[in-house]
Amino acid sequence: MTDPFKTHIRNALANPGLQAALDSNAERRLYALQQAYASLPEDLQVMRSRARAVREEVISNLDSYLPQLIKNASDNGLIVHQASNADQAVQIVLEITKQYSAKVIAKSKSMV
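The sequence shown runs 18 to 129 under my numbering.
FYI, nobody ran anything at the bench for these hints, they're computed from the structure.
Check each hint, because a few of them may be wrong.
Said to hold, decoys possible - Lysine-lysine pairs mimicking PhoX-like chemistry, simulated, CA-CA at most 25 angstroms apart:
no., residue 1, residue 2
1, K120, K88
2, K88, K126
3, K115, K126
Stated by the list, open to error - Ranges between beta-carbon positions, derived for each pair:
no., residue 1, residue 2, range
4, R69, S125, 37 to 45 angstroms
5, N32, L111, 41 to 49 angstroms
6, E44, L111, 45 to 53 angstroms
7, S101, S56, 38 to 46 angstroms
8, K88, Q51, 34 to 42 angstroms
9, R72, R45, 25 to 33 angstroms
10, T24, S81, 56 to 64 angstroms
11, K126, N93, 39 to 47 angstroms
12, S56, D20, 23 to 31 angstroms
13, A49, K88, 32 to 40 angstroms
14, E73, N102, 19 to 27 angstroms
15, H25, K126, 27 to 35 angstroms
Ideal placement from N, C-alpha and C gives every residue a C-beta, glycine not left out.
Kindly produce the complete structure, drawing on both the sequences and the hints.
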């Protein structure tokens, strides 16, 4: 870390107004989370278990779900690119960035 960065950190940690605002924000977020859980139609653990079972079902039968996903995405105007390996995926991304003169690329994390 650079010295100015460390100084900025020390100043922020010593700032009582900032610390009070952060504490207040944390309390509001905790309260909002508790309210959100309380508003669920059923127990959170039941919902998590069902989501886990659905995920396992889809992964176990990906060969039948993937074509359905691709069709639905395409029917909704999305362009689906498929790569059989990482190198091919990189090439597809490079072609798209070149085609659109992209300056920034965002990658999302897969849930699988």
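Hint check:
no. : hint                           : verdict
1   : K120 - K88                     : violated, 29 angstroms
2   : K88 - K126                     : holds, 22 angstroms
3   : K115 - K126                    : holds, 23 angstroms
4   : R69 - S125: 37 to 45 angstroms : violated, 21 angstroms
5   : N32 - L111: 41 to 49 angstroms : holds, 45 angstroms
6   : E44 - L111: 45 to 53 angstroms : holds, 47 angstroms
7   : S101 - S56: 38 to 46 angstroms : holds, 44 angstroms
8   : K88 - Q51: 34 to 42 angstroms  : holds, 40 angstroms
9   : R72 - R45: 25 to 33 angstroms  : holds, 31 angstroms
10  : T24 - S81: 56 to 64 angstroms  : holds, 58 angstroms
11  : K126 - N93: 39 to 47 angstroms : violated, 22 angstroms
12  : S56 - D20: 23 to 31 angstroms  : violated, 48 angstroms
13  : A49 - K88: 32 to 40 angstroms  : holds, 38 angstroms
14  : E73 - N102: 19 to 27 angstroms : holds, 25 angstroms
15  : H25 - K126: 27 to 35 angstroms : holds, 30 angstroms
Violated hints, in rising order: 1, 4, 11, 12; the structure is consistent with all others.
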